[in-house]
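Undergrad: Required output: the full structure, derived from the provided sequences and hints.
Number of protein chains: 2
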Amino acid sequence: MKFEAIAVENIPLIQDGDDLPSIICENISLQDRDIVIIASTVVAKAEGETFRLEDVPAGEKALEIAARIGKDARFIQAVLARSREILVERPFMLVTTLSGHTCVNAGVDESNIEHGFLLYPPKDPDRSAARLGKKLEELTGKELSVIVTDTNGRAFKIGQTGVAIGIYKIKPIKRWIGEKDLFGKVLEITEEAVADELAGAANLLMGEGAGGIPAVAIRGLDYYCEDDTCIKETYRPEEQDFIKKGLRCLQRKS
Amino acid sequence: MKFEAIAVENIPLIQDGDDLPSIICENISLQDRDIVIIASTVVAKAEGETFRLEDVPAGEKALEIAARIGKDARFIQAVLARSREILVERPFMLVTTLSGHTCVNAGVDESNIEHGFLLYPPKDPDRSAARLGKKLEELTGKELSVIVTDTNGRAFKIGQTGVAIGIYKIKPIKRWIGEKDLFGKVLEITEEAVADELAGAANLLMGEGAGGIPAVAIRGLDYYCEDDTCIKETYRPEEQDFIKKGLRCLQRKS
Numbered sequence: 001m002k003f004e005a006i007a008v009e010n011i012p013l014i015q016d017g018d019d020l021p022s023i024i025c026e027n028i029s030l031q032d033r034d035i036v037i038i039a040s041t042v043v044a045k046a047e048g049e050t051f052r053l054e055d056v057p058a059g060e061k062a063l064e065i066a067a068r069i070g071k072d073a074r075f076i077q078a079v080l081a082r083s084r085e086i087l088v089e090r091p092f093m094l095v096t097t098l099s100g101h102t103c104v105n106a107g108v109d110e111s112n113i114e115h116g117f118l119l120y121p122p123k124d125p126d127r128s129a130a131r132l133g134k135k136l137e138e139l140t141g142k143e144l145s146v147i148v149t150d151t152n153g154r155a156f157k158i159g160q161t162g163v164a165i166g167i168y169k170i171k172p173i174k175r176w177i178g179e180k181d182l183f184g185k186v187l188e189i190t191e192e193a194v195a196d197e198l199a200g201a202a203n204l205l206m207g208e209g210a211g212g213i214p215a216v217a218i219r220g221l222d223y224y225c226e227d228d229t230c231i232k233e234t235y236r237p238e239e240q241d242f243i244k245k246g247l248r249c250l251q252r253k254s
Numbered sequence: 001m002k003f004e005a006i007a008v009e010n011i012p013l014i015q016d017g018d019d020l021p022s023i024i025c026e027n028i029s030l031q032d033r034d035i036v037i038i039a040s041t042v043v044a045k046a047e048g049e050t051f052r053l054e055d056v057p058a059g060e061k062a063l064e065i066a067a068r069i070g071k072d073a074r075f076i077q078a079v080l081a082r083s084r085e086i087l088v089e090r091p092f093m094l095v096t097t098l099s100g101h102t103c104v105n106a107g108v109d110e111s112n113i114e115h116g117f118l119l120y121p122p123k124d125p126d127r128s129a130a131r132l133g134k135k136l137e138e139l140t141g142k143e144l145s146v147i148v149t150d151t152n153g154r155a156f157k158i159g160q161t162g163v164a165i166g167i168y169k170i171k172p173i174k175r176w177i178g179e180k181d182l183f184g185k186v187l188e189i190t191e192e193a194v195a196d197e198l199a200g201a202a203n204l205l206m207g208e209g210a211g212g213i214p215a216v217a218i219r220g221l222d223y224y225c226e227d228d229t230c231i232k233e234t235y236r237p238e239e240q241d242f243i244k245k246g247l248r249c250l251q252r253k254s
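If you read the sequences in order, they're chains A and B. In terms of my numbering, the first sequence is residues 1 to 254. In terms of my numbering, the second sequence is residues 1 to 254.
A few of these clues could be false.
[Unchecked claim] Reference excerpt, derived from the structure (chain B facing chain A, CB under 8 Å, subset only): (1) Phe-3; (2) Gln-15; (3) Asp-19; (4) Val-104; (5) Ala-193; (6) Lys-245.
Calculated directly from the structure, the hints in this document are not laboratory data. Only a predicted model underlies this, so the values are computations on that prediction, with no experimental measurement involved. Where is the CB? At the ideal position from N, CA and C, for every residue including glycine.
TA: This is how it looks when you write it as structure tokens:
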């Protein structure tokens, strides 16, 4: 039992309107049940999410936060525009985005962009994954899953890993229900976050910065699934999210 | 550019004193620069970390907590024995272990064990990884890295992923320092948590429950490193750990 992770190389700099699926297919022969993992930066660029700070007038809340934390109010405005809650303001802005994902700066990206431009994340990464997946399936005639990924930090540890922010034709959580362990004892439900593990695996090839590998195919696993799937399934329900409750507790004290 | 993840199959049930490196080598031909990823459950079993609840007399603190949360006081005693701080008591005990890792139940495992027995995690997973790695290198004559892994939950999302808890001859964090992005702009330091991404990748083959694949070789990446390395490098310094501060804030209020 094994799987391969294959970098899709020679993808050019992506711009607004580019046909990512066609570009991907020019650089790799996809096979049935491949999982195509695509960095959110190129998805966002192709979707025209590039913007300039000059075009983001800072509102009152952004100006207040900027005064407190000493960051550019226009950048903060961009983050606020994509956030439904600020959990931490400094030393980094940890937020829950409009789509329910918790990450730094709402995924607004200042790197890998021509000087003066920034990048919003895709507005609806599941919808992006579905659009890309359907086009890839059309072009190749293969059954394919797609994961749109970002890199995020994590609790308790330094460093970032690849994470899934949008999915198509793959369940983000694999549930081991009623399996027996090696001694025949029935286990409780175990939930394996396979979409995030795949995102991390792909990130080992994508790298950061000038890595230049925005797409990876993972081949040999059997996660293809025709059902509707949605990354929101992975977000912890608010009433069970003790870590968010803790961060709000800290905010009330400060 | 690509890598493979190869399951080491046919590993028998592991018991106290078993020679894991020899058993692994009987079932796979390792190559130079392979990263050998081994589940902490089999490492702990071979190290004799199996125990019975009857042999864990519950102390006062365990009895107090048991009264509050309705769990077996002897199980709680086992968790306390391996913990330096309890961050959350219910609905699950989230702790920081003696070795600095933050996880549920201090990694004490109730599954995959003959009825009535439980399993502590390895006392010092870095030392376990080094011992296993040196023996594997002796047996094969190859340059090898080792990662000892567990599965943990994470903040803000449901589900578990593979994580690194001990390492040998691999840096847990890959630092992209002073790399230029595609436009020649020098990036700040980016830290990619490659040991955890590798653990997650391996877990896609290891699975949970009756998966029965406790070791995986990852082949094709170039992370071999002769320097001393230590998983503690990945733990966020306490004064920067806002999430722990938040959880302590919640505890003071309850």
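Undergrad: For every hint, state whether the structure bears it out.
TA: Here is how each hint holds up against the structure:
{"no.": "1", "hint": "Phe-3", "verdict": "holds (5 Å)"}
{"no.": "2", "hint": "Gln-15", "verdict": "violated (12 Å)"}
{"no.": "3", "hint": "Asp-19", "verdict": "violated (20 Å)"}
{"no.": "4", "hint": "Val-104", "verdict": "violated (12 Å)"}
{"no.": "5", "hint": "Ala-193", "verdict": "holds (3 Å)"}
{"no.": "6", "hint": "Lys-245", "verdict": "holds (6 Å)"}
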